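Take a look at the letters that make up each chain.
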Amino acid sequence: MLVDAKVEFVIVGGVAATLHGSARLTSDLDIVYGRANENIRRMVTALAPLHPYLRGAPAGLPFHLDAETLRAGLNFTLTTDAGPLDLIGEIAGGFNFEVLRKRSTVVELFGKRCRVISLDALIESKMAAGRPKDLEVIAELEAIRDEQSG
Amino acid sequence: MRSASVRDFRSRLAELLEGSEPVLVTRHGKQVAIVYPLSDPAKVPIEVRRGIVDSVARRFRVSDNPQIRSSLVERYKRDVDRTLIRENLRRSPEQRLRTLQQMQRFASEVRRAGRRR
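Respectively, the protein sequence lines represent chains A and B.
Take the first sequence: its letter number 119 is residue 119 in my numbering, and every next letter is one higher.
Take the second sequence: its letter number 67 is residue 67 in my numbering, and every next letter is one higher.
The reader is advised that the hints may include incorrect statements.
Computed spacing ranges between beta-carbons, pair by pair [stated by the list, open to error]:
id, chain 1, residue 1, chain 2, residue 2, range
1, A, 89, B, 35, 38 to 46 Å
2, A, 92, B, 105, 25 to 33 Å
3, A, 27, B, 2, 28 to 36 Å
4, B, 81, A, 83, 19 to 27 Å
5, B, 5, A, 120, 50 to 58 Å
6, A, 149, B, 91, 39 to 47 Å
7, A, 89, B, 105, 26 to 34 Å
8, A, 149, B, 66, 19 to 27 Å
9, B, 34, A, 82, 30 to 38 Å
10, A, 89, B, 7, 47 to 55 Å
11, B, 43, A, 94, 41 to 49 Å
12, A, 73, B, 112, 28 to 36 Å
13, B, 84, A, 49, 44 to 52 Å
14, A, 108, B, 84, 34 to 42 Å
With the Cβ distance kept under 8 Å, some of the chain A side facing chain B (calculated, not the full set) [stated by the list, open to error]:
id, residue
15, 107
16, 108
17, 143
18, 144
Hints listed in this document are in silico derivations from the structure and should not be mistaken for laboratory results.
These numbers were taken from a predicted model, which means no experiment stands behind them.
Each residue gets a CB set at the ideal place from its N, CA and C atoms; glycine is no exception.
Between the sequences and the hints, there should be enough to build the whole structure, so can you do that?
Below is the structure:
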């Protein structure tokens with residue numbers, strides 16, 4: 001949907017780890033999106049049919065994901081008809097879309113070409129986040145890198 | 001799960017720590033702690049075990065120290081199941097994603113079944 005709407009984004013987080021070969025279970029899709037006005041407008045239009053809503057917020061809040069809301073914030077944790085979705089302006093390590101454009105690879109998923117954060121950048125970002133819970137994730141990602149390099 | 005007030009818990013400590021069933025501790029009717037006896041550590045939910053490691057690590061700021069951090073990563077690497085990784089690396093990224101989706105469906109079925117009990 002986002003690809004068809006020509007939204008500029010990079011898959012990061014657990015799904016990116018899966019795409020690189022991780023065996024860990026993750027439940028949400030994290031994407032870093034381009035902050036250009038046109039991109040935000042495209043993303044809002046593409047997501048509208050999925051009824052995005054703030055995850056964990058009580059039902060009935062007057063929340064509407066529009067371009068103005070996205071421009072006013074940076075990171076949004078959403079629930080959608082297609083599952084949980086995190087829209088992230090920048091992840092730890094200073095990885096915004098512009099940086100990730102150069103530190104990502106293109107993979108084909110269900111006939112669409114998507115950008116995914118590179119394995120090295122994903123490890124760097126997890127390291128930069130400095131969260132103890134990520135250490136186990138980093139260990140697996142490094143093991144994947146070892147296996148890939150034989 | 002067994003339940004005990006702080007006073008009960010104190011006076012029946014030895015008895016409550018028998019067996020492997022957790023004890024919910026309350027103070028003035030409010031839940032304040034869950035105590036897991038370690039007679040069978042495998043019965044402590046993995047999320048709780050991860051939480052313990054995480055909170056201890058935070059307390060001692062282990063992830064702030066690059067040396068400790070990399071030795072922990074090295075230690076965790078020993079426990080990584082490389083057979084799963086090798087299996088995944090033989091698949092295409094799309095197949096890996098399909099496998100994740102199957103796991104998510106399975107996990108959600110298990111959660112639903114747990115709620116129905």
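Hints, verified against the model:
{"no.": "1", "hint": "A:89 - B:35: 38 to 46 Å", "in the structure": "41 Å, holds"}
{"no.": "2", "hint": "A:92 - B:105: 25 to 33 Å", "in the structure": "30 Å, holds"}
{"no.": "3", "hint": "A:27 - B:2: 28 to 36 Å", "in the structure": "31 Å, holds"}
{"no.": "4", "hint": "B:81 - A:83: 19 to 27 Å", "in the structure": "26 Å, holds"}
{"no.": "5", "hint": "B:5 - A:120: 50 to 58 Å", "in the structure": "53 Å, holds"}
{"no.": "6", "hint": "A:149 - B:91: 39 to 47 Å", "in the structure": "18 Å, violated"}
{"no.": "7", "hint": "A:89 - B:105: 26 to 34 Å", "in the structure": "31 Å, holds"}
{"no.": "8", "hint": "A:149 - B:66: 19 to 27 Å", "in the structure": "22 Å, holds"}
{"no.": "9", "hint": "B:34 - A:82: 30 to 38 Å", "in the structure": "35 Å, holds"}
{"no.": "10", "hint": "A:89 - B:7: 47 to 55 Å", "in the structure": "50 Å, holds"}
{"no.": "11", "hint": "B:43 - A:94: 41 to 49 Å", "in the structure": "43 Å, holds"}
{"no.": "12", "hint": "A:73 - B:112: 28 to 36 Å", "in the structure": "33 Å, holds"}
{"no.": "13", "hint": "B:84 - A:49: 44 to 52 Å", "in the structure": "36 Å, violated"}
{"no.": "14", "hint": "A:108 - B:84: 34 to 42 Å", "in the structure": "23 Å, violated"}
{"no.": "15", "hint": "107", "in the structure": "4 Å, holds"}
{"no.": "16", "hint": "108", "in the structure": "7 Å, holds"}
{"no.": "17", "hint": "143", "in the structure": "4 Å, holds"}
{"no.": "18", "hint": "144", "in the structure": "6 Å, holds"}
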